[in-house]
Amino acid sequence: MSLTSYFMEATYLVASILFVLALKGMSHPETARRGMFMAEGGMFMAIVGTLIGAHIVTWEWILVGLTIGSIIGIWMALFVPMTSMPQRTALSHAFGALAAALVGVGEFIIRGSEMTVVTRGALGFEVMLGALTTTGSLIAAGKLHGTIPGKPIQFRGQNAINLVIFLIMTGSFVYFWMHPSVIAAFYTMLGVAFVFGVMLVIPIGSADMPVVMSLLNSYAGLAAAATGFVLGNNVLIIAGTLDGFSGFILSVLMCKAMNRSITNVLFGGFGAVIATASTNVGGVMREITLDDAAMQLAFANRVIFVPGYGLATAQAQHAVRELGELLESRGVTVKYAIHPVAGRMPGHMNVLLAEANVPYSQLYEMEQINPEFPSTDVAVVIGANDVVNPDARDNPNSLIAGMPILEVDRAKSVIVLKRGQGRGFSGLENPLFFKSNTNMLYGDAKSTLSHLAQAVQHV
Amino acid sequence: MNPAVLIASVYVFALAAFLGYQVISRVPPLLHTPLMSATNAISGISLIGSLVLAGATHSPVAHILGFIAVTASTINVVGGFGITDRMLKMFGKRKDEGKKAPAAGASQ
Chain A
0 MSLTSYFMEA
10 TYLVASILFV
20 LALKGMSHPE
30 TARRGMFMAE
40 GGMFMAIVGT
50 LIGAHIVTWE
60 WILVGLTIGS
70 IIGIWMALFV
80 PMTSMPQRTA
90 LSHAFGALAA
100 ALVGVGEFII
110 RGSEMTVVTR
120 GALGFEVMLG
130 ALTTTGSLIA
140 AGKLHGTIPG
150 KPIQFRGQNA
160 INLVIFLIMT
170 GSFVYFWMHP
180 SVIAAFYTML
190 GVAFVFGVML
200 VIPIGSADMP
210 VVMSLLNSYA
220 GLAAAATGFV
230 LGNNVLIIAG
240 TLDGFSGFIL
250 SVLMCKAMNR
260 SITNVLFGGF
270 GAVIATASTN
280 VGGVMREITL
290 DDAAMQLAFA
300 NRVIFVPGYG
310 LATAQAQHAV
320 RELGELLESR
330 GVTVKYAIHP
340 VAGRMPGHMN
350 VLLAEANVPY
360 SQLYEMEQIN
370 PEFPSTDVAV
380 VIGANDVVNP
390 DARDNPNSLI
400 AGMPILEVDR
410 AKSVIVLKRG
420 QGRGFSGLEN
430 PLFFKSNTNM
440 LYGDAKSTLS
450 HLAQAVQHV
Chain B
0 MNPAVLIASV
10 YVFALAAFLG
20 YQVISRVPPL
30 LHTPLMSATN
40 AISGISLIGS
50 LVLAGATHSP
60 VAHILGFIAV
70 TASTINVVGG
80 FGITDRMLKM
90 FGKRKDEGKK
100 APAAGASQ
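First to last, the sequence lines map onto chains A and B. For the first sequence, numbering that gives the first Met the number 0 gives the first residue as 0, with consecutive numbering after it. For the second sequence, numbering that gives the first Met the number 0 gives the first residue as 0, with consecutive numbering after it.
Please keep in mind that the hints were generated in silico from the structure rather than gathered at the bench. C-beta: ideal position from N, C-alpha, C; glycine also. Careful: at least some of the hints might be erroneous.
Said to hold, decoys possible - A short, non-exhaustive set of chain A residues, derived as facing chain B with CB atoms under 10 Å: (1) Ala-14; (2) Val-19; (3) Phe-36; (4) Val-102; (5) Val-104; (6) Thr-226; (7) Val-229; (8) Phe-247; (9) Asn-349.
Stated by the list, open to error - Straight-line distance between alpha carbons at most 25 Å, and here's what the computed SDA-like set of lysine to any residue pairs gives: (10) Lys-88(B) x Thr-82(A); (11) Lys-88(B) x Asn-356(A); (12) Lys-88(B) x Thr-312(A); (13) Lys-150(A) x Arg-259(A); (14) Lys-88(B) x Pro-358(A); (15) Lys-255(A) x Phe-17(B).
Claimed, not checked - A short list of chain A residues far from chain B (calculated; beta carbon distances all over 10 Å): (16) Ser-4; (17) Ala-9; (18) Gly-141; (19) Gly-145; (20) Ala-159; (21) Gly-190; (22) Ala-297; (23) Leu-325; (24) Ser-328; (25) Arg-329; (26) Ile-399; (27) Met-402; (28) Ser-446; (29) Gln-456; (30) Val-458.
Using the sequences and the hints given, assemble the complete structure.
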């Protein structure tokens, strides 16, 4: 080994350590930023180490790629709005997976014939996972951005067709593994994996996106780890595994927060069965006027805001913070209750509220805030539905039975901000809206909240 | 890949998985979005594999594939770290006011 190679390996080792320290910093908002500086440093060192130590012979493609990538990356970092974070993240899963898949294809072309069985297995895994994550993430990004309808796209025999596609994909993987000389098997696997990624994500509805995002995150990481096995590169294995496990842990957490299994999310076809299963809850929804709602809020002691995806679509995060601050200045205790699957990706609501300057000490997790609802005067639900549906707790026949919810119905009074009288995304009837202590306030969340703030000022 | 290297790699993988589990399960839900964005940027380390593909051979096909891979992973590294930092800056804001009890949303 030459001296430059040793230098390269040393930068990889340091980078690995810095990556772990960076994630350790993520355990608290105060240390998180410092941690990320470490990761950035580690990444920079590893890149420089590679350029010095990897015997680079042609530079033009590298320089052009780095330049274009940096320009797009900087543009993204500066200008992508916080409300677009879910689709941005899905897109980055696609890019990461695409890079892994292409490196795999390149390795196959250059060294395919001389690979050992183990390397070939890792290569197949890398390319397959990379390809299906690429297209799957693109579909997810499209759904989150609204380019593709967010409703589940389902048809008769879908699971059977998916199973066939899956079998062809894994079959050609095994065939390629056994018979490396059959090049067609490799490219069949690649092509079918691209198709499988699409098929995997189209039947999944937007409300299940937190799980899908986490799963794709996990796949992208594992594809990178497999790249590490193919190239015999430990820093790739470590970084990819960290990413893969982070995604895996998040998927488990998200599934728990919906009381569903991963298989159920992927193959359950949640949207399809709803129409038959929704029960009719008798009763009327009571509307409240803006002034009455403002009165309630202004004279409350404790108010809890419960944001959902509706807050993100209406971009109402600043409006809710203004109302919250106004109430605080009147001596009201204001808290925010965040359900783990509120929004479209893990932590979505926290980021939006942080963007609007809500201090994180006011953001409460479900377990912490639930005991506080009975002593709360007004709970304000903003564009959330299933995560506050008492049926999940009370009605064992409900489709979401057993899903942990924010128990807003135990508050003395509930105000629900909603766009219209229709049902939420899942199409489930929500008995909360018919309770005697619940009042509905229809309209766009953003303008409703700012009007509420004005009305509170005049109380 | 010879057996000794393979076994070493499997060790690295297993230990990284264990370490990842320990470290990441301590991240509060508050920071789950930045976490996803950060791990994504970190796994942009596949950039180093892309660099080798794009530059260390004389194969034109490898150059093209490598070029696309370098571009895609650079977007992830630069964009990912940039956006993560932008998010984390927002979480750091107003901590100096200190008018509330210590970060309830942040304790696990």
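Checklist entry - Was the hint right that Ala-14(A) lines chain B, CB cutoff 10 Å? => result holds, 7 Å
Checklist entry - Is it true that the CA of Lys-88(B) sits at most 25 Å from the CA of Asn-356(A)? => result Judged against 25 Å, a Cα distance of about 11 Å means the pair holds.
Checklist entry - Does the claim that Gly-145(A) lies off the interface hold, with its Cβ farther than 10 Å from every Cβ of chain B? => result holds, 19 Å
Next on the checklist: Over 10 Å from every CB of chain B: does Ser-446(A) meet that, or does the non-interface label fail?
Outcome noted: holds, 24 Å
Checklist entry - Minimum Cβ separation between Ala-9(A) and chain B greater than 10 Å? => result holds, 14 Å
Checklist entry - Any Cβ of chain B at or closer than 10 Å to Ser-4(A), or is the non-interface label fine? => result holds, 12 Å
Item to check | Reported absence of Gly-190(A) from the contact zone with chain B (all CB gaps over 10 Å) | outcome: Non-interface label stands for Gly-190(A): nearest chain B Cβ at 16 Å, farther than 10 Å.
Next on the checklist: Over 10 Å from every CB of chain B: does Met-402(A) meet that, or does the non-interface label fail?
Outcome noted: Nearest chain B Cβ is 16 Å from Met-402(A), so the label holds.
Checklist entry - Can we confirm that no CB of chain B comes within 10 Å of the CB of Gly-141(A)? => result holds, 17 Å
Checklist entry - With 10 Å as the cut and Cβ atoms as the points, is Thr-226(A) at the interface with chain B? => result holds, 5 Å
Checklist entry - Between Lys-88(B) and Thr-82(A), is the straight-line Cα distance small enough, at 25 Å or below? => result holds, 16 Å
Item to check | Distance rule for Ala-159(A), whose beta carbon must clear each one in chain B by more than 10 Å | outcome: holds, 33 Å
Checked against the numbered hints above, the structure breaks none of them.
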